[in-house]
Amino acid sequence: MRTRVALLACLLSLAPVAALAQAMTVSLSRGSDSVINIAECNDSTLTFTVSSWTLAAQPAAGTFYKVFATSATTCHTTLALPANTVELTGGFRDTGGSLTGPGLSAQNAGSVLTSIGTSCTVGSTPNPLRLCVLVYDSTQQNVVAGAQASGSIALDLARPGTPVNVSAASGDGALNVAWAEPTSGTMPARWTADATGVTSIAGQSCQDATGSSGSCSVSGTTQRSCRIRGLANDGCYQVVVTGFSTTDNASVASAVAYGVPKAVQDFWERYQAEGGREAGGCGAGGASLLSLLALAFVAPRLLRRRP
Amino acid sequence: MKKALALALLLAAPAAQAESPRWGSFHFKLGSYRPNIDAEFEGKAGCTGGADCTPYADLFGKGGSMLYQVEFARTLLSGAGTLDLGFGVGWSSKSAKGFIEGGTTRSSDDTSFRVLPLTLSLTYRLDLYARTVPLVPYARLALERYQWWATSGGGGTASANGLSGSGATNGWSGALGLAFLLDFLDPTLAREMDRDIGINGTYLFVEAGKAKVNDFGSRKSWDLSPDKSVTWSGGLLFVF
Numbered sequence: 003m004r005t006r007v008a009l010l011a012c013l014l015s016l017a018p019v020a021a022l023a024q025a026m027t028v029s030l031s032r033g034s035d036s037v038i039n040i041a042e043c044n045d046s047t048l049t050f051t052v053s054s055w056t057l058a059a060q061p062a063a064g065t066f067y068k069v070f071a072t073s074a075t076t077c078h079t080t081l082a083l084p085a086n087t088v089e090l091t092g093g094f095r096d097t098g099g100s101l102t103g104p105g106l107s108a109q110n111a112g113s114v115l116t117s118i119g120t121s122c123t124v125g126s127t128p129n130p131l132r133l134c135v136l137v138y139d140s141t142q143q144n145v146v147a148g149a150q151a152s153g154s155i156a157l158d159l160a161r162p163g164t165p166v167n168v169s170a171a172s173g174d175g176a177l178n179v180a181w182a183e184p185t186s187g188t189m190p191a192r193w194t195a196d197a198t199g200v201t202s203i204a205g206q207s208c209q210d211a212t213g214s215s216g217s218c219s220v221s222g223t224t225q226r227s228c229r230i231r232g233l234a235n236d237g238c239y240q241v242v243v244t245g246f247s248t249t250d251n252a253s254v255a256s257a258v259a260y261g262v263p264k265a266v267q268d269f270w271e272r273y274q275a276e277g278g279r280e281a282g283g284c285g286a287g288g289a290s291l292l293s294l295l296a297l298a299f300v301a302p303r304l305l306r307r308r309p
Numbered sequence: 217m218k219k220a221l222a223l224a225l226l227l228a229a230p231a232a233q234a235e236s237p238r239w240g241s242f243h244f245k246l247g248s249y250r251p252n253i254d255a256e257f258e259g260k261a262g263c264t265g266g267a268d269c270t271p272y273a274d275l276f277g278k279g280g281s282m283l284y285q286v287e288f289a290r291t292l293l294s295g296a297g298t299l300d301l302g303f304g305v306g307w308s309s310k311s312a313k314g315f316i317e318g319g320t321t322r323s324s325d326d327t328s329f330r331v332l333p334l335t336l337s338l339t340y341r342l343d344l345y346a347r348t349v350p351l352v353p354y355a356r357l358a359l360e361r362y363q364w365w366a367t368s369g370g371g372g373t374a375s376a377n378g379l380s381g382s383g384a385t386n387g388w389s390g391a392l393g394l395a396f397l398l399d400f401l402d403p404t405l406a407r408e409m410d411r412d413i414g415i416n417g418t419y420l421f422v423e424a425g426k427a428k429v430n431d432f433g434s435r436k437s438w439d440l441s442p443d444k445s446v447t448w449s450g451g452l453l454f455v456f
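Protein chains in written order, with our numbering: chain A, 3 to 309; chain B, 217 to 456.
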């Protein structure tokens, strides 16, 4: 019985500690996700902001903190600065004995990534940019164990696979573009087909369409075609298809396909061209129909009145 | 006590056997449909490529497409057979690749002709003896209004010479059919269906129909009647 009480007391004393969960809110100045893609990694104006954090344990009054960025997979817990880690706070700051932190002003992502040895090489798979808050005792000589916070920004520098077998079939003022999924690399999450007017196409009779262009996009993994509208009939166009990953990394553009939009005779046009008499609109026998409808409406009432 | 219970059971028995009151019926029907649009060009030649003028056949070939129809009906008279007044709606669509202008080469653009038939019908079913002989002959007369539209490659309604490729054509239809009362195969299940969801009878039917959908002979309208003089269709009928 005494052992059980001691165990319960022990558990109760641990409960507040277990309830504290460290957290950190990090955001990028571009994009709606928290992933740095290829374009963002090469954007010298990209910044990230640490808006707040919650430490894993309540710091004592008179303690200090620092914020670090690292390419290591975990935050360090030593006084010495490990490799590929930089300090972002520029010295010790007073925790004020507060469990939550005030955040950090916007930091230039490019220079921080360079400082921690992460490059934007396309196709590489770097560790996430990890942000760490460490708490130091009042002497500033010891790291307070268990009172940290950390967060991270993932980097996705992988291009999805390149679409293949692109074709551009003639449509009326349009090109119907189709393609096949990449034979290697990851499957794109969305696709864009771009048509650009060119002066001529070898082996095809068409007109200079320089300056004219159009595009279409589809999302998902099943659809492999789309229609580029607003093109000039008989114009010469080249078409490329690009795949995009979920993090908006673009694939290498597909091989070029060529197409020439052509005026198309649909069923209604053919019917009219051959002298059909129907002109569309409501039926010419509308009056006859209305009278019959009225009869159908009256008939049941007449029938009901009979004994 | 036992006598009272037996009496209660005897009184309850006829009620359990009795049919629920009839309100109307519902059916869905499948058939083939090919409009007789090319009929107005009979004898006319010198169209595209110097051939006969058959715009519908040129685009869509000579085969028909499925026509799906459903109809709700209100029973007006019952006793000496059943007389139903019904309203129905259907759907049929045919698609093909359009022609590149001025030639016979198909493009990659689709064109289609879609029909949505609306029907106001009177149906008489000779179902007096359906519980003994499960075959019920019936006859139907209907007013038809076919809403239709043609589409072009972009998926929108086609237009030509300033005329929009959509409209409605009116007409009439008649049908003679024979319905087989499926309740005959499993009377117990039939009674349960009546008791649980109020379906008095379920029929499998086949019918021969004739329709004239050309705005009652108007010279300004095309002919959306089926291209066969008699069409066959079939489906399921629920009387409730």
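Calculated directly from the structure, the hints in this document are not laboratory data. All C-beta atoms in this analysis are idealised placements derived from N, C-alpha and C, irrespective of residue type, glycine included. Mixed in with the good hints there might be a few duds.
Pair ranges (Cβ atoms, derived) [stated by the list, open to error]:
#1 B:Asn-377 x A:Ser-221: 23 to 31 Å
#2 B:Leu-344 x A:Val-220: 43 to 51 Å
#3 B:Thr-373 x A:Arg-32: 47 to 55 Å
#4 A:Gly-232 x B:Leu-334: 41 to 49 Å
#5 A:Ala-275 x B:Gly-433: 37 to 45 Å
#6 B:Thr-373 x A:Asp-210: 31 to 39 Å
#7 B:Gly-259 x A:Gln-209: 24 to 32 Å
#8 B:Leu-342 x A:Arg-226: 28 to 36 Å
#9 B:Phe-242 x A:Gln-240: 52 to 60 Å
#10 A:Arg-226 x B:Tyr-345: 55 to 63 Å
- Query: Of the numbered hints stated previously, which ones are contradicted by the structure, given in increasing order?
  - Reply: Hints 1, 2, 3, 4, 5, 7 and 8 are the ones this structure does not satisfy, whereas the remaining hints hold.
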